[in-house]
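K.L.:
Here is what each chain is made of, one letter per residue.
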Amino acid sequence: MNNKRNLLLYIPALLFLTSTFLVGCGGAEQELEDIPQDEKIIDEETSLFNVDDKIFYIPSPVQTSLLMKKIAAPYSNHLLNDVARVESYTTSFKQAVNIGVYGADLGYITANNKNQEAISHLSAVKKLSDELGVSSAFNFSELEKFGGNAGNEQEMLTIITHAYKSCEEFLRDDERHDVAGLIMAGALIESLYFAVNFVDTPDNQDVINRIGEQTTTLDNIILILNRHYSKTDNIELSEFVDLLVKLQSEFKHIKIHYTFAKSTVDEGNKLCTINSKSVINIKPAMIKNIANQIKEIRDSITS
Amino acid sequence: MKIKTVAVIIAGGLLIYNTGYSQCKTNVENIRRPFYDLELECAKTNSEPSFISDAKDYRALLSGNEGAEFIATFFSGNKYRICACTDIGSPLSFTISDHKGNVLFTNKDYENAPYWDLDFPVTIDCKISVSLPRETAEASGGAPAAEESAEEETPATETAEDEAGEEVAEEAASEISTKFVENTKVCAVLVIGYKQGK
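Going down the list, the sequences are from chains A and B.
Quick note on our numbering: the first sequence kicks off at 81 and runs consecutively.
Quick note on our numbering: the second sequence kicks off at 22 and runs consecutively.
Calculated from the structure, these hints are not laboratory results.
Since we're looking at a predicted model, the values are computed, not measured.
Among the hints, erroneous ones may be present.
[What the hints assert, rightly or not] Some chain A residues close to chain B (C-beta under 10 angstroms, calculated; not the full set): (1) I138; (2) P139; (3) N277.
[Unchecked claim] In the EDC-like style, the derived pairs of lysine to aspartate or glutamate whose C-alpha atoms are separated by at most 16 angstroms in a straight line are: (4) K100(B) <-> D130(B); (5) K350(A) <-> E62(B); (6) K357(A) <-> D146(B); (7) K363(A) <-> E330(A); (8) K342(A) <-> E69(B); (9) K342(A) <-> E132(B); (10) K342(A) <-> E90(B); (11) K332(A) <-> D299(A); (12) K216(B) <-> E233(A); (13) K121(B) <-> E90(B); (14) K350(A) <-> E159(B); (15) K150(A) <-> D283(A); (16) K129(B) <-> E347(A); (17) K357(A) <-> D286(A); (18) K216(B) <-> E347(A); (19) K148(B) <-> D119(B); (20) K149(A) <-> D286(A); (21) K129(B) <-> D283(A); (22) K65(B) <-> E347(A); (23) K326(A) <-> D299(A).
Heads up, the beta-carbon is just placed ideally off N, CA and C, and yes, glycines get one too.
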């Protein structure tokens, strides 16, 4: 009996190691499909990016915010979450989700070469990560290079990217998928918040496209957080998921028409240009609803 | 058969566990290194500082004609550099397909070039498949080249339809995996960076 129990405890570890190394983040070894159902269930719980046999790609906070750089222009620091609020984030939910929010802010600030402003946001991330017990994963000694790299946008973006990646790996190894999911959700909402503030500008198709392109990321984050949904044990997370699901229902009205076309390859420059087309259609009333809901969610997590 | 497949995967997991994350080869006999080292080397050799890492791991242990698949979203307005490396210094094949299965690019058409840039004017959810070219499989001491070419010549639709044949092939692949798991698995990595277009 004990041996059987030990084996059951051991299998998740093995499958986790297997999924981490054979599959990698976002990778899939086809043979995993053959695993008997009872073992498959265990596997689902071991990897952040593998839920219900679906494998997810969720962009990093820096990448998400960089996507918004062009459309969220000119740079507006009033869009950022005030670092003074950091003291009020006392629950692990608020701490996790705002690590993501400040991460997106850091990407936006850095991409706009406002490096001195980045320092205060970095301090906010450090404080939250200390309180959440993930500061060791962030490798703040690396982040302290920020001062020395002020002005070197690429270097700074790389440092932030690696810091968030280390944190994500740490949480995945520690099976704290809810915390990792909340960080990614915070980054997504903050990045969408940048975008919706520019949705009323003339010629806003680029803004609309950027918002519409986040549909898959939103779906994936909801699937990850849903596993931790409990109105009795995890109230804040559950209420947040409710808001995300409501937003998701608005996103479902977005129509994306994709048409494949053969790519063009410039062999001399080792460059392939994708010629496939994708048209995103959102009715003006829908984009208003989406914008309002994003603002509502953003207010709820940062207040 | 299915149980055997699971056993092979778990054996891989045990091996990885026992080697403490360091399962990729180096130039020094009996000295191993972690995937991360290989990714770093791959990026240094093939990428440029202007590309920012997408912060995802694309790692696989392969031998013979095994392959692995990853998923990634490529966002509009970005130029991506995809670098592909193995721990034995031999090339790695990669193919990028859209969510409908249409091939957008494959380095197989360009002598398995170690990197390629891709310009995405639209956002597309993609599948990235990696496999060992014949020379890499041979260099690793993996499956005989004849087996690899036999699989390449078999159309995917036929393979899917022929259940019995597939089982036999999987059984054979499992045997090969079991046989070579310790000595001939190749560490295969992709390193993907992006930068914003003008």
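K.L.:
Work down the list of hints and note, for each, if the structure agrees.
P.N.:
Checked hints:
Interface restraint check: I138(A) against chain B, minimum CB-CB distance 9 angstroms, threshold 10 angstroms, status holds. With its C-beta approaching chain B no nearer than about 7 angstroms, P139(A) sits inside the 10 angstroms limit, and its interface hint holds. Residue-level restraint check for N277(A) is violated (minimum Cβ-Cβ distance to chain B is 19 angstroms; threshold 10 angstroms). Straight-line distance between C-alpha atoms of K100(B) and D130(B) comes to about 20 angstroms, which puts the hinted pair past the 16 angstroms bound.
With a CA separation close to 20 angstroms, the supplied pair K350(A) and E62(B) exceeds the 16 angstroms bound. Of the supplied pair hints, the one linking K357(A) and D146(B) holds, its CA atoms being roughly 13 angstroms apart against a limit of 16 angstroms. With a C-alpha separation of about 11 angstroms, the suggested pairing of K363(A) with E330(A) holds against the 16 angstroms cut-off. Distance restraint check for K342(A) and E69(B): the Cα-Cα separation of roughly 27 angstroms exceeds the 16 angstroms cut-off, and the hinted pair is therefore not satisfied.
Distance hint between K342(A) and E132(B) is unfulfilled; the C-alpha atoms sit about 20 angstroms from each other, more than 16 angstroms. Annotation: proposed proximity of K342(A) to E90(B) is violated, straight-line Cα distance about 22 angstroms (limit 16 angstroms). At most 16 angstroms may separate the alpha-carbon atoms for a hinted pair to count; K332(A) and D299(A) meet this at roughly 10 angstroms. Note on K216(B) and E233(A): the hinted pairing holds, with a Cα-Cα distance of about 12 angstroms set against a maximum of 16 angstroms.
Of the pairs offered as hints, the one joining K121(B) and E90(B) holds, with about 15 angstroms between alpha carbons and a cut-off of 16 angstroms not exceeded. Of the supplied pair hints, the one linking K350(A) and E159(B) is violated, its CA atoms being roughly 27 angstroms apart against a limit of 16 angstroms. For the proposed pair K150(A) and D283(A), the alpha carbon gap of about 13 angstroms is at most 16 angstroms, so the pair holds. About 13 angstroms separates the Cα atoms of K129(B) and E347(A), which keeps this hinted pair within 16 angstroms; it holds.
Annotation: proposed proximity of K357(A) to D286(A) holds, straight-line Cα distance about 15 angstroms (limit 16 angstroms). A distance of roughly 20 angstroms separates the Cα atoms of K216(B) and E347(A); the hinted pair therefore is violated under the 16 angstroms criterion. Annotation: proposed proximity of K148(B) to D119(B) holds, straight-line Cα distance about 6 angstroms (limit 16 angstroms). For the proposed pair K149(A) and D286(A), the alpha carbon gap of about 12 angstroms is at most 16 angstroms, so the pair holds.
The hinted pair formed by K129(B) and D283(A) fails the criterion: a straight-line CA distance of about 41 angstroms is larger than 16 angstroms. Simply put, K65(B) and E347(A) have alpha-carbon atoms about 22 angstroms apart, too far for the 16 angstroms limit, and the pair is violated. Distance restraint check for K326(A) and D299(A): the Cα-Cα separation of roughly 11 angstroms lies within the 16 angstroms cut-off, and the hinted pair is therefore satisfied.
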